[in-house]
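Undergrad: Single-letter residue listing:
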Amino acid sequence: MGKTFKTIDEAIIRFAGDSGDGMQLTGGRFTETTAILGNDLNTLPDFPAEIRAPAGSLAGVSAFQIKFSSRNTHTPGEQPDVLVAMNPAALKVHRKELIPGGTMIINTDAFTKKNLSFAGYESNPMEDGSLDDYFTLIPVEMNKMVTAACEGLDLSPKLVGRTKNFFALGILFYMYDRPLDTTEGWLKKKFAGKDDIIEANTRALNAGYNFGDTTELFMSRFKVEKASLPPGTYRNINGNFATSLGLLAAAEKSGLSLFYGGYPITPASDILHTLASWKHLGVQTFQAEDEIAGVSSVIGAAFTGNLAVTATSGPGIALKGEALGLAVITELPLVVVNVQRGGPSTGLPTKTEQSDLNQALYGRNGEAPMPVIAAATPGDCFFAAFEACRIALKYMTPVMFLSDGYLANGSEPWKIPDVDELEPIEVSFSDRPNANGDYLPYLRNEETLARHWAIPGTPGLEHRVGGIEKAENTGHVSYDPENHHKMVKLRQEKVDRIQNDIPETEVFGENHGDLLILSWGGTYGACRSAVETMQEEGLGVSHVHLRWISPLPKDLGEILIHFKNVLVPEINLGQLLRLIRAEYLVDAQGLNLVRGRPIGAGTIIETVKKILG
Amino acid sequence: MSDLQSPQLTKKDFESDQAVRWCPGCGDYAVLAQAQKNMPTFGRKREEFVFVSGIGCSSRFPYYMNTYGFHSIHGRALAIATGVKIANPDLSVWVVTGDGDSLSIGGNHFIHALRRNMDINILLFNNRIYGLTKGQYSPTSEIGKVTKASPFGSIDNPLNPPSLALGAQATFVARTIDRWQKHMAEMLARSYEHDGGSFIEIYQNCNIFNDGAYEEYTGAEKLDNVIELKHGKPMLFANNTKGIKLEGSTVMVLDIEKHGVDDILVHDETNLDLAHIIANWTSRPELPEPIGVIYSIDKVTYNQGMIDQINRAKEIKGSVSVQDLLNTGDTWVVE
Chain A
3 MGKTFKTIDE
13 AIIRFAGDSG
23 DGMQLTGGRF
33 TETTAILGND
43 LNTLPDFPAE
53 IRAPAGSLAG
63 VSAFQIKFSS
73 RNTHTPGEQP
83 DVLVAMNPAA
93 LKVHRKELIP
103 GGTMIINTDA
113 FTKKNLSFAG
123 YESNPMEDGS
133 LDDYFTLIPV
143 EMNKMVTAAC
153 EGLDLSPKLV
163 GRTKNFFALG
173 ILFYMYDRPL
183 DTTEGWLKKK
193 FAGKDDIIEA
203 NTRALNAGYN
213 FGDTTELFMS
223 RFKVEKASLP
233 PGTYRNINGN
243 FATSLGLLAA
253 AEKSGLSLFY
263 GGYPITPASD
273 ILHTLASWKH
283 LGVQTFQAED
293 EIAGVSSVIG
303 AAFTGNLAVT
313 ATSGPGIALK
323 GEALGLAVIT
333 ELPLVVVNVQ
343 RGGPSTGLPT
353 KTEQSDLNQA
363 LYGRNGEAPM
373 PVIAAATPGD
383 CFFAAFEACR
393 IALKYMTPVM
403 FLSDGYLANG
413 SEPWKIPDVD
423 ELEPIEVSFS
433 DRPNANGDYL
443 PYLRNEETLA
453 RHWAIPGTPG
463 LEHRVGGIEK
473 AENTGHVSYD
483 PENHHKMVKL
493 RQEKVDRIQN
503 DIPETEVFGE
513 NHGDLLILSW
523 GGTYGACRSA
533 VETMQEEGLG
543 VSHVHLRWIS
553 PLPKDLGEIL
563 IHFKNVLVPE
573 INLGQLLRLI
583 RAEYLVDAQG
593 LNLVRGRPIG
603 AGTIIETVKK
613 ILG
Chain B
2 MSDLQSPQLT
12 KKDFESDQAV
22 RWCPGCGDYA
32 VLAQAQKNMP
42 TFGRKREEFV
52 FVSGIGCSSR
62 FPYYMNTYGF
72 HSIHGRALAI
82 ATGVKIANPD
92 LSVWVVTGDG
102 DSLSIGGNHF
112 IHALRRNMDI
122 NILLFNNRIY
132 GLTKGQYSPT
142 SEIGKVTKAS
152 PFGSIDNPLN
162 PPSLALGAQA
172 TFVARTIDRW
182 QKHMAEMLAR
192 SYEHDGGSFI
202 EIYQNCNIFN
212 DGAYEEYTGA
222 EKLDNVIELK
232 HGKPMLFANN
242 TKGIKLEGST
252 VMVLDIEKHG
262 VDDILVHDET
272 NLDLAHIIAN
282 WTSRPELPEP
292 IGVIYSIDKV
302 TYNQGMIDQI
312 NRAKEIKGSV
322 SVQDLLNTGD
332 TWVVE
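In the order they appear, the protein sequences are chains A and B. Each residue of the first sequence is one higher than the one before, starting from 3 at the first, in this note's numbering. Each residue of the second sequence is one higher than the one before, starting from 2 at the first, in this note's numbering.
If we strip away everything but chain B, and leave its shape as in the complex, we get (with noise of 0.2 Å):
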């Protein structure tokens, strides 16, 4: 849908005319920021762009986006989507959503929305709490949180999103970080590239409720405990000095300096049985937590789906006008 004779668009071009509301210091900013620098960069008509969202505070998202957006209620953004979606194909549809939102009251429409591999892109701001309601653990919280609404520590197993979206048979699974921008930057590339429905979780710190919830992945140290996937390339982290090493089903990391690197593992996006294993590694404390396309396989979408049925039954039921239909069946004339 490029156009080649439309003046380049920027990031301007993307900001509504709405102050943003989110809590100063908000991981969100620097998600939003991202996605207005980085839509006009995709050669797509602005007019083409449809975000929609849910209810939480990253669901605000749509209205400071100048593009169609609809901010719509608990849970139901992706079911949205989906109508806008098979209403206009050739729109570029994206859904903002939390933990809470797409996990929670939501979660049945996300599974549902991957399994049909529909052709929409899914921002998940995991924050892993419930920020607008101020501060309830989410499906996302680790196990024992101390929230008001859990004095006593939580006793609800979190949920994995990569592992529940793979699951539920997603094509496109990635994960990035609100602080990792550039990254951040190429994930938001290679779902809008992805032609079928693509998730990315994206690691988002709310400062107010849950603050500090992925510092070990940003701070100071973070390179020991992070893994950036890259397809083709051997799973090297901390500074390259360890790697992970696969033996039967059995992850393990090794030191670079006493096995080399001949034994390391080599991501393959396109391999879902290794897709699962990374996945897992999110729960694996011994493991460090994987960030980039975990998986990413072409696959016929929904959309296509339904075009092509479409042309099918025209092509073998002809064309048949509505009056035809009226006159189904036996009729007879009263004079």
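Looking at chain A on its own, in the form it has when it is part of the complex (with noise of 0.2 Å):
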């Protein structure tokens, strides 16, 4: 041992490597044992949309990032305190984000002549002195490691090879005084059946935690206390699964069948996935063979009856669009999950953005009103997901679910909800003639102007629906011009009612002053950072989070003309930003960057000192 402990509020560690190198999987096992020892955490994957980029390349560095405190975190942190770099590309693309002065985590072995041109250095920058003043170098022959630690064991060298970002793994442990005991399990498991596998993995692990303890190349261990949760039992969550357990508690509290239409796209597709499992709760899926299908499939279960719901990212979503204006028309309740991602057209796949909140809200012909509701967190994805369900059975709409690929690969700690204190969510169907013996399928709910929702099957309420226009009441099919304007803004009426719906908007901090921070979507954690440091300082700075932006609450006006400035944050030209100047005649301002990377709170508060002057 030897080494002295040194306490820390918080770190951020960043694991690069190669896309073979199983960087993700190693961040993940990183997040799993952390949030475990109850530190607040969240975390960035970031992987190229290449499967398998050729090995070495720059194009093929996949990177996971992790910001894991004693106090209350909400962002995945901009620049690492270490990087482990499993390659020369790797070094490459993240050196540069590494904090001056922090630890580089190096797998020389792979310094070979060819990936260092690969990577484009002319001379290795682990011996050309580069790199030597900035940072503290831990240089490490990490296949010669875990080679020596595998020996007796019947594996090929390249399986042997494979086991290095565990050797990696367990020198992050023991810097940040972790237990093995998680990953050992979680290996046995995902194992099975392969013991050499898991022997392999597991000496490597360990002979990377011993090499921590041996290695005179750093001198201290760092402790992260846990921080201090609301009570209650945890796990960590992803976006994706949590949108994914956010539906089936919306199916459970409904008593609808749950059913998923939709084609594979990233980064939504592990919504599919996780749906696809749960045939043993009676949830349906059905991949389509293409995103109209997919939509349509689920217009045709929301006639059904089922609770019916897509995912996919901003390319599905152009594609659903005229599928979405028939669910308007025809007013029928499903969710569509639009996770978004880097465009336009194919644009980055596997980077985050906002960008498609105009598309949500205006991507259809015609009048189409959608609610729009987004997430703020990865485990918000439950919450959100759930709220879109209920508003979409209780108004007979569709509604827009907007995440983004940070939300939805990106995973924090989570309070475990208690299914049965989740609200139930009242469906009925039409039983029975609603008019004089007949059945209208278009007479409203005087409150919320939701119609009748007769199913299939159901006797004598047998009905016509379709994307004609439809007589008032009736639903036959009408051409009447006052009939339409009425149509039209009846459609409108109903969705701006959902305000009744929208509890009042919380101001995070004064409900007055120098600057109101609005945001909405993935960038809470950046913005919500920003301004409790700057209200540290004694900035006049307030934050609001807007969770529908469709409608936009009924109070906002309200509290945006009580701020000097208002800046909107977003990941994209000021989408949100156009639709409040417009909607409220503010002077908004945006921060605008479109990286296919979150925003970072360090950029937030710069851009608000440059405001306040």
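In short, the hints are calculated from the structure, not lab data. A portion of the hints provided could be inaccurate.
Claimed, not checked - Result set (PhoX-like, lysine-lysine): computed pairs, CA atoms no more than 25 Å apart in a straight line:
id, chain 1, residue 1, chain 2, residue 2
1, B, Lys46, B, Lys183
2, A, Lys488, A, Lys417
3, A, Lys192, B, Lys315
4, A, Lys396, A, Lys556
5, A, Lys146, A, Lys94
6, B, Lys315, A, Lys281
7, A, Lys190, B, Lys318
8, A, Lys5, A, Lys228
9, B, Lys231, B, Lys243
10, A, Lys281, B, Lys231
11, B, Lys243, B, Lys183
12, B, Lys183, B, Lys231
13, A, Lys115, A, Lys94
14, A, Lys491, A, Lys225
15, B, Lys243, A, Lys192
16, A, Lys146, A, Lys116
17, B, Lys318, A, Lys191
18, B, Lys183, B, Lys146
19, A, Lys612, A, Lys566
20, B, Lys243, A, Lys191
21, A, Lys281, B, Lys300
22, B, Lys318, A, Lys196
Said to hold, decoys possible - Take a look, some chain B residues computed to stay more than 10 Å from chain A by CB distance:
id, residue
23, Trp23
24, Asn67
25, Gly70
26, Asp91
27, Leu160
28, His260
29, Lys315
30, Val334
If you're wondering where the values come from, they're calculated on a predicted model, not measured in any experiment. All C-beta atoms, glycine included, are put in the ideal place defined by N, C-alpha and C.
Got two chains here, each in a separate frame; can you build the complex from them with the hints?
TA: Below you can see the structure in the form of structure tokens.
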């Protein structure tokens, strides 16, 4: 032992390597252990769209960042304290983001002539001194180390080499004083029946830990104490899994069967995968032939009385647009999840962006209003998905739920909700005629304007719906000008009335002041962090985070006018910003960075300070 | 799903209160009449029928059926019907579509619904023209078709719908003609009885934009150009004066008076190779137009597959609550 412990509030570490090096898995294991230890944390997986770009290439670098803390944390952080670089390309891509003086753990065995030139290095940065002044270098011959550790096992050198990520993980576990047992248990489960693989990875993990202990390259270890989280049972959760659970919980609380129809697309596919694995709970998943079939099947299932859901990303929403208009005019309840990614077109499939807000609000022909809700954090995806279902069913409308690549793949400790405590979702199918012996499918609930819902199989209520304009109440085809005007306004009014279901807007901080940060979706964490920091410094900055963007909350306009400045940070060119300016005539400003990555809290603070002079 | 308690339904029970708006003389009327007349004979409750359509003249069909109905968007009827059928496999789901709707804009859904053996009845009204957009050539229009969109004649090759359906792994493929009312009734019943995706191509005359497209099968000379397929029966046509012989892979027409019936091919609905051969006759002017059930086999449906899978998953994994799922993985307690 012999090394001293230093207690710190938080740490940011980043694992970077080739796509084949298992960096996402390594990050995931570190996260799981850290979550169980009781730290608050946020993660940022960052991987290429290519499944396996050429080994050692810059394009093939995959990374995973985690910030863990003894305080509440809202973001995966910006500059890491520790960078694990498994090859020259990973070093090249990520070194500039490491905090000056930070620690670099480098697998020197990967620094071959070939890999160096592949990464564009003319000389070996480990030898030419270019890193020495800025960082604490910990060169490790990982391939040699794991080869020695796995001696005697009947495994090919290739398979042994693959354990080096667990070696790196072992070093990090040592540095931050984390136990190995969770990972060892996980290995046994994951590779059940493959004893050699379990043994090799377990040995690599322990060898890494012991290397940390014996090497003299760094002198101290770090302790990050438990965060004080509200009492409860916790798990670590990412956004896509939370979304899937939220949908399932909504099915349970509404008493409806869950039907999911969709087409695989990054970064939404995990929702399909997860729901498909829940057949034993009666979940029906349909992998359609294309995006249009995905949403169309969902419309059919909604007509038939299921809780009907599809999930996709921006390009998929573009394809679903016409069908969503059909859902609007037939007034059927369905939930459309958009896990946003970089666009336009194929754009940046594995990177995050908030650039589909306009598409969500306006991306259909005709006046086709659709409620739009957005999740704030990975765990919040559960509640946002649940709420999207509740509103869809209550108001008989398609609802767009916006998640994004960062929320979908990022994770955080999550207090597991009690299903019994979730509010029931009331659904009542029509079971008898509603107008003097006739059934009028477009007769409405006076309060919500939701139309009545009779499902096939119900005797005596046979009726037709469709995409042609409907006559009020009867739903018959109507080309009458006055009727059309009335129906257009009715459909809008119905969405507007959802305002009555939106709780009062919470202002974090004073309800007046120099500047209000107004955010929506996945930028919540960075904005909240930035505002907390600035409030500690005594700045008159407050924060409002929107859950519903359509309709906007009733009280928002009144809140905005009590601030001298309004700043809207978004990972787009100002889509909410323009809506806010148009809706409330306030001179709001944007902070718009569209790099496929979360906006950092530091950037927000800088911008605010510039505005406040 | 028959209900012996309920009074016998009649054609009237299946007529909605909506005025039919097809052009006078349109072949669609004949199909509507047969559907309204035959559905009551299937012994199923009216509320269990769902008619789904896309866009086009024929797609107005659901409005005229007093059943559950969905007039959707162009090309997507099959995808919507798929959702209906999965959500409630007890329903009898019918898709009414046209050659443009199901073979052009909706071509993808057509092949995939058949491939999956989704238990849906598909009625394809093939008039070989775009009617509702006023007369452009369709994916089944003959090459050289002169229309407003092809003033010098179309240069596209037409699709052969039964061949396409067979290629897509359909388990029931049939063809009928709007004017063959009795035959159509028979095909509708066969389609209803078929457990799995069933496809009926209906030769339907558009008397406004493509009048007489099927005159050669429906006019006075029809018997010479048409063969009515019957399972287990020799393939005779032209008033039994001609028959089909298969020699190797070559199809030939024999004069019965000269050759007798011994060498005449016997129709077997369950023979896929034969079905492919028969479907191809449409593009062979020297061979008669095949009408009737070209192919029909039993195969597990998508819907049954889904039910079986869910039951199996429940057996293997046992009863799991939503709360159990929430608590999966590593959890820890904060006091």
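Undergrad: Decide, hint by hint, whether the structure agrees.
TA: Hint check:
| no. | hint | in the structure |
| --- | --- | --- |
| 1 | Lys46/B x Lys183/B | holds, 23 Å |
| 2 | Lys488/A x Lys417/A | violated, 46 Å |
| 3 | Lys192/A x Lys315/B | holds, 23 Å |
| 4 | Lys396/A x Lys556/A | holds, 19 Å |
| 5 | Lys146/A x Lys94/A | holds, 23 Å |
| 6 | Lys315/B x Lys281/A | holds, 7 Å |
| 7 | Lys190/A x Lys318/B | holds, 21 Å |
| 8 | Lys5/A x Lys228/A | holds, 21 Å |
| 9 | Lys231/B x Lys243/B | holds, 15 Å |
| 10 | Lys281/A x Lys231/B | violated, 43 Å |
| 11 | Lys243/B x Lys183/B | holds, 23 Å |
| 12 | Lys183/B x Lys231/B | holds, 14 Å |
| 13 | Lys115/A x Lys94/A | holds, 15 Å |
| 14 | Lys491/A x Lys225/A | violated, 60 Å |
| 15 | Lys243/B x Lys192/A | violated, 69 Å |
| 16 | Lys146/A x Lys116/A | holds, 18 Å |
| 17 | Lys318/B x Lys191/A | holds, 17 Å |
| 18 | Lys183/B x Lys146/B | violated, 31 Å |
| 19 | Lys612/A x Lys566/A | holds, 14 Å |
| 20 | Lys243/B x Lys191/A | violated, 71 Å |
| 21 | Lys281/A x Lys300/B | holds, 23 Å |
| 22 | Lys318/B x Lys196/A | holds, 23 Å |
| 23 | Trp23 | holds, 14 Å |
| 24 | Asn67 | violated, 6 Å |
| 25 | Gly70 | violated, 4 Å |
| 26 | Asp91 | violated, 7 Å |
| 27 | Leu160 | holds, 18 Å |
| 28 | His260 | holds, 47 Å |
| 29 | Lys315 | violated, 5 Å |
| 30 | Val334 | violated, 5 Å |
Taken one by one, the earlier hints fail for this structure at numbers 2, 10, 14, 15, 18, 20, 24, 25, 26, 29, 30, listed in ascending order.
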